[in-house]
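J.: The opening residue of the sequence shown carries number 577 in my numbering; numbering runs sequentially from there.
Heads up, a few of these hints could be off.
[To be verified] Here are the simulated lysine to any residue pairs, SDA-like style, with alpha carbons at most 25 angstroms apart:
#1 Lys704 / Glu714
#2 Lys704 / Ala693
#3 Lys704 / Cys732
#4 Lys704 / Val652
#5 Lys704 / Leu681
#6 Lys704 / Asn683
#7 Lys704 / Leu604
#8 Lys704 / Leu727
#9 Lys704 / Ser719
#10 Lys704 / Val692
#11 Lys704 / Gly716
#12 Lys704 / Ile749
#13 Lys704 / Gln717
#14 Lys704 / Ala673
#15 Lys704 / Leu689
#16 Lys704 / Val675
#17 Lys704 / Leu743
#18 Lys704 / Phe649
#19 Lys704 / Arg633
#20 Lys704 / Thr754
#21 Lys704 / Val662
#22 Lys704 / Ala646
#23 Lys704 / Leu746
#24 Lys704 / Asp715
#25 Lys704 / Val718
#26 Lys704 / Ser694
#27 Lys704 / Leu607
#28 Lys704 / Val648
#29 Lys704 / Leu651
#30 Lys704 / Leu753
#31 Lys704 / Arg684
#32 Lys704 / Leu678
#33 Lys704 / Asn720
#34 Lys704 / Pro725
#35 Lys704 / Ser679
If you are wondering where the hints come from, they were derived from the structure by calculation, not from laboratory data.
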Amino acid sequence: MTHGPSLDREVTHGIPAGGPLAGLEGGLALLNRVIVVFAAIALVAACVILSYSVIGRALFQAANYWQDEAAVFLLVGATFMTAAYVQEHRGHVSIEAFVGLLSPLANRIRLWLVDVASFLFCVFFTWKSWTLTYEAWEDGQVSNSMWSPPLAIPYCLMAAGMSLLCLQLLLQIVKPLTGAHR
Numbered sequence: 577m578t579h580g581p582s583l584d585r586e587v588t589h590g591i592p593a594g595g596p597l598a599g600l601e602g603g604l605a606l607l608n609r610v611i612v613v614f615a616a617i618a619l620v621a622a623c624v625i626l627s628y629s630v631i632g633r634a635l636f637q638a639a640n641y642w643q644d645e646a647a648v649f650l651l652v653g654a655t656f657m658t659a660a661y662v663q664e665h666r667g668h669v670s671i672e673a674f675v676g677l678l679s680p681l682a683n684r685i686r687l688w689l690v691d692v693a694s695f696l697f698c699v700f701f702t703w704k705s706w707t708l709t710y711e712a713w714e715d716g717q718v719s720n721s722m723w724s725p726p727l728a729i730p731y732c733l734m735a736a737g738m739s740l741l742c743l744q745l746l747l748q749i750v751k752p753l754t755g756a757h758r
């Protein structure tokens, strides 16, 4: 089992220059890198907010009606928005018991089938996320806390991140069919 990008695995770059998908892949890779920077800032902000919350409660007995939700929103955004970046580098946890036993062709087929299955699941998840976002926006849904931020915010971050993940998976599915190898 691997937990992150491995040096012995190839990254999903490699669509021929000028190919029909090269621009889309390059644009998505750039967008993913920009999102990772903002996600890192969001994670630091969540840490600062939660630390402030703990210190405020411990030292000053201050109420924390907004800190936990703000941190959760930041963490949800960072998690879902960076999913496509992680997939681009094949960094999601995967079981690789068969990698050494299978031929390179069989491994490419295995990866392609996993990408197709993942894509189908992610399309359904994305559709449900956009549905939740629309309902939360349309109905004006807010959280049950005193702060009451709109629930459309985390739902939209979740839906946008899953949409990018679907696009990344679709690129990885189509790429071998265009003659580009991983």
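J.: Decide, hint by hint, whether the structure agrees.
T.: Checked hints:
1. Using a Cα cut-off of 25 angstroms, the hinted pair Lys704 and Glu714 holds, with the two alpha carbons roughly 15 angstroms apart.
2. Annotation: proposed proximity of Lys704 to Ala693 holds, straight-line Cα distance about 17 angstroms (limit 25 angstroms).
3. A C-alpha spacing of about 11 angstroms is found between Lys704 and Cys732, which places the hinted pair at or below 25 angstroms, so the restraint holds.
4. Annotation: proposed proximity of Lys704 to Val652 holds, straight-line Cα distance about 16 angstroms (limit 25 angstroms).
5. Under the criterion of a C-alpha separation no larger than 25 angstroms, the hint pairing Lys704 with Leu681 is inconsistent with the structure, at around 35 angstroms.
6. For the hint linking Lys704 to Asn683, the alpha-carbon distance of about 31 angstroms lies beyond 25 angstroms, and the restraint is violated.
7. A distance of roughly 23 angstroms separates the Cα atoms of Lys704 and Leu604; the hinted pair therefore holds under the 25 angstroms criterion.
8. This hinted pair checks out: Lys704 and Leu727 have alpha carbons roughly 14 angstroms apart, not beyond 25 angstroms.
9. About 19 angstroms separates the Cα atoms of Lys704 and Ser719, which keeps this hinted pair within 25 angstroms; it holds.
10. For the given pair, Lys704 sits about 19 angstroms from Val692 by alpha-carbon distance, which is consistent with the 25 angstroms threshold.
11. A distance of roughly 18 angstroms separates the Cα atoms of Lys704 and Gly716; the hinted pair therefore holds under the 25 angstroms criterion.
12. Among the hinted pairs, Lys704 with Ile749 is consistent with the structure: their alpha-carbon atoms are about 22 angstroms apart, no more than 25 angstroms.
13. Between Lys704 and Gln717, the direct Cα distance comes to roughly 16 angstroms. Compliance with the 25 angstroms bound is thereby established for this hinted pair.
14. A hinted pair counts as satisfied when its Cα atoms are at most 25 angstroms apart, and Lys704 with Ala673 does not qualify at roughly 33 angstroms.
15. A hinted pair counts as satisfied when its Cα atoms are at most 25 angstroms apart, and Lys704 with Leu689 qualifies at roughly 23 angstroms.
16. Proximity of Lys704 to Val675 is assessed by CA-CA distance (about 33 angstroms); at most 25 angstroms being required, the pair is judged violated.
17. Among the hinted pairs, Lys704 with Leu743 is consistent with the structure: their alpha-carbon atoms are about 16 angstroms apart, no more than 25 angstroms.
18. Restraint check: the Cα-Cα separation between Lys704 and Phe649 comes to about 18 angstroms, which is no more than 25 angstroms; the hinted pair holds.
19. Among the hinted pairs, Lys704 with Arg633 is inconsistent with the structure: their alpha-carbon atoms are about 37 angstroms apart, more than 25 angstroms.
20. For the given pair, Lys704 sits about 30 angstroms from Thr754 by alpha-carbon distance, which is inconsistent with the 25 angstroms threshold.
21. Our distance criterion of 25 angstroms between C-alpha atoms is met by Lys704 and Val662, whose separation comes to about 22 angstroms.
22. Between Lys704 and Ala646 the CA atoms are separated by roughly 23 angstroms; this keeps the pair inside 25 angstroms, and the hint holds.
23. Between Lys704 and Leu746 the CA atoms are separated by roughly 18 angstroms; this keeps the pair inside 25 angstroms, and the hint holds.
24. Between Lys704 and Asp715 the CA atoms are separated by roughly 16 angstroms; this keeps the pair inside 25 angstroms, and the hint holds.
25. Taking the CA atoms of Lys704 and Val718, the gap is about 18 angstroms. The hint holds against a cut of 25 angstroms.
26. Between the alpha carbons of Lys704 and Ser694 the distance comes to roughly 15 angstroms, so the proposed pair stays at or under 25 angstroms and holds.
27. Distance hint between Lys704 and Leu607 is fulfilled; the C-alpha atoms sit about 23 angstroms from each other, no more than 25 angstroms.
28. Pair hint Lys704 plus Val648 holds up; C-alpha atoms about 20 angstroms apart against a cutoff of 25 angstroms.
29. Between Lys704 and Leu651, the direct Cα distance comes to roughly 20 angstroms. Compliance with the 25 angstroms bound is thereby established for this hinted pair.
30. As the CA atoms of Lys704 and Leu753 are separated by approximately 29 angstroms, the hinted pair breaks the 25 angstroms bound.
31. Only pairs whose Cα atoms come within 25 angstroms are accepted, and Lys704 paired with Arg684 is rejected, the gap being roughly 30 angstroms.
32. Distance hint between Lys704 and Leu678 is unfulfilled; the C-alpha atoms sit about 36 angstroms from each other, more than 25 angstroms.
33. This hinted pair checks out: Lys704 and Asn720 have alpha carbons roughly 22 angstroms apart, not beyond 25 angstroms.
34. Between the alpha carbons of Lys704 and Pro725 the distance comes to roughly 21 angstroms, so the proposed pair stays at or under 25 angstroms and holds.
35. This hinted pair does not check out: Lys704 and Ser679 have alpha carbons roughly 38 angstroms apart, beyond 25 angstroms.
Of the numbered hints stated above, those contradicted by the structure are hints 5, 6, 14, 16, 19, 20, 30, 31, 32, 35, listed in ascending order.
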